[in-house]
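Peer 1: One letter stands for each residue in the lines below.
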Amino acid sequence: MGEPVVEQEDVLADVSDDVLVQRAVDGDTDAFAGLIGRHGPQLRALMTRLTGSQAEGDQLAQETFYQAWRELPQLEEGAALRGWLLRSGTRLALTHLRSTRPSDDGRPAAAASGDLAEADVPDGRRARLAALSRVLGALPENDRHCWLLREMGGLDYDEIADQLQLPVTDVRGCLARARASIYTRMEEWR
Amino acid sequence: MRQNPTEEELTAAVREVPGATDVYPPPTVLADPPETLGALLHRDLGALSKVDLHDGPDGAEVTARIGVDRSQGAPATARAAAEAIAARFDDDDAPLRVIVRVTRIS
Amino acid sequence: MTASDPRTLTCGKTIDELSDYLARDRRPPDPSIETCPECLNALSGLEDLSAWSRELIEDDGRQLGAPSAEWLRGILDSIALEVRSGRDLPVRHPDPRVTIAITEGAVRSLIRSVGGTVPGVVIAGCRIEGDAETPGAPVRVAVTVSLDWRMSAAPAIAGLRDALGAALAEHTELEIVDIGVTVVDVHGSAPEEEQS
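Residue numbers (the numbering used here), protein chains in the order written: chain A, -13 to 176; chain B, 49 to 154; chain C, 2 to 197.
These aren't lab readings, by the way, just hints derived from the structure by calculation. Hints may be right or wrong, so weigh each one.
What the hints assert, rightly or not - Below, computed lysine to aspartate or glutamate pairings styled on DMTMM-like, alpha-carbon distance capped at 25 Å: (1) C/K14 to A/E173; (2) C/K14 to C/E48; (3) C/K14 to C/D49; (4) C/K14 to A/E174; (5) C/K14 to A/D144; (6) C/K14 to A/D142; (7) C/K14 to A/D156; (8) C/K14 to C/E35; (9) C/K14 to C/D26; (10) C/K14 to C/E39; (11) C/K14 to C/D31.
Claimed, not checked - DEER-style ranges, computed between Cβ atoms: (12) A/R111 to C/S45: 13 to 21 Å; (13) C/P156 to A/T86: 55 to 63 Å; (14) C/P29 to B/S154: 32 to 40 Å.
For glycine and all other residues, C-beta sits at the position ideal for the given N, C-alpha and C.
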């Protein structure tokens, strides 16, 4: 008796983030799983690019979601969730990088494109993305982090300054340098 | 000398009640969750999922947090669980408190 | 761009300025930029970079693939313990040594799952209003729902109210005087996605 006509998870796939967040705040783990499905890919991608490792990226994404569950009641609206996840994940990733690797702001990190490296497929679009990935990897770490946080994380300058513990003017400088570098090196693809 | 049942015996008795699906850790376990997921998953959740028996100067107090299904009404299942716990204590005169909370209806 | 500093164009504008200009959606329009061929070329280049960034994010998502079941399980297992119990809703028992309660959290998850049995209805939030911890005290249940836009609201709401009434009568001893249902959202595929 009382068996669902449609699987609950299927129905949850159609509803807004607001509804899922509200259910998750009330304790619904299926709704939270739905939110993970929607926002997980972007979070994992950013974490992987920041650390250069899919294993570390996935672990950081897990930690971020665990924290999110506990802090969800403080979120003001469902629409704010993705931004919260990206900022929170970034904070965890940068803390992790500082504690596991010595700071090397000036030198480009060796395998920074790491696990999200080039594909061998000669398709034009894939080749262009691969080139972008390589160019990103060659940037100095701070410049790359600024670019990732701005373009992939959607953070604003103040948030980036806060996360990287830099003055906002330095963030502008890093972003400008990163954009100029990428722009000149990607010239042939335009 | 009267011997109280063990927490394991009480937990087993509750699990056998028709309609009871799970026993959950007592709230003290949950009160201070670890900061990281990694630390949390290292705890032995199976061992923590049991009925709690506290034997004090005022007698024995048993607390159970249970999950039930919808094969019958949740109040009926909860009553049966409380009775299954009380039945494991031989001495009717010894002070006893039994607290059953249904924390999940699936 | 100048040879000495790739961030500055020969006209004097910097990539930084142009990025900010783009970020402001080119408003208010700056004639010194809008009439400068070098600036316009650079703006177009920066727009390309933004487009490629978005492609890279999507591509990353595809390359990473779906996370392992274990990854998801790790998160869900960790949060399962953090039960949001709420108040204790009493259940009577003749034996004075015995105290029985259904938690508010259990009742809310029951309400959500009953909502799932009513076609087109998804429960968003629910509140149990009144002194629910006192046996026999009048209690009101207030539920907010998302409704499939293709359903007519009145029968769906009535169906939900009936289903909730029955489930709460069976699984709680609450004295429910009213079940309020408010539609706060709609869901379902957009009309143009419908198969004809």
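Peer 1: Please check whether C/P29 and B/S154 have a Cβ separation lying inside 32 to 40 Å.
Peer 2: violated, 59 Å
Peer 1: Given the hinted pair C/K14 and A/D156, is their Cα-Cα distance within 25 Å?
Peer 2: Judged against 25 Å, a Cα distance of about 19 Å means the pair holds.
Peer 1: Quick one, are C/K14 and C/E35 close enough, alpha carbons at most 25 Å?
Peer 2: Distance of about 12 Å is within 25 Å: holds.
Peer 1: C/K14 and A/D144: Cα distance at most 25 Å?
Peer 2: holds, 23 Å
Peer 1: Taking the beta carbons of A/R111 and C/S45, is their distance inside 13 to 21 Å?
Peer 2: Between A/R111 and C/S45, where Cβ atoms are some 19 Å apart, the hint holds.
Peer 1: Against the 25 Å threshold, does the CA-CA distance of C/K14 and C/E48 hold or violate the hint?
Peer 2: With a Cα-Cα distance of about 17 Å, the restraint between C/K14 and C/E48 holds, given a limit of 25 Å.
Peer 1: Measure nothing beyond the straight line between the CA atoms of C/K14 and C/D31; if it is 25 Å or shorter, mark the hint as holding.
Peer 2: This hinted pair holds, its Cα atoms lying about 12 Å apart.
Peer 1: Take the C-alpha atoms of C/K14 and A/E174, compute the straight-line distance between them, and say whether it is at most 25 Å.
Peer 2: Status holds; Cα separation ~22 Å.
Peer 1: Do the alpha carbons of C/K14 and A/E173 lie within 25 Å of each other, as the hint requires?
Peer 2: holds, 19 Å
Peer 1: Holds or violated: C/K14 and A/D142, Cα atoms, limit 25 Å.
Peer 2: Between C/K14 and A/D142 the Cα gap is close to 22 Å, so the pair holds against 25 Å.
Peer 1: Under the criterion that the straight-line Cα-Cα distance not exceed 25 Å, is the pair C/K14, C/D49 satisfied?
Peer 2: Satisfied, since the Cα-Cα distance of roughly 19 Å is no more than 25 Å.
Peer 1: Compare the distance between the alpha carbons of C/K14 and C/D26 with 25 Å, and conclude whether the hinted pair is satisfied.
Peer 2: Distance of about 17 Å is within 25 Å: holds.
Consistency with the previously given hints fails for number 14 only.
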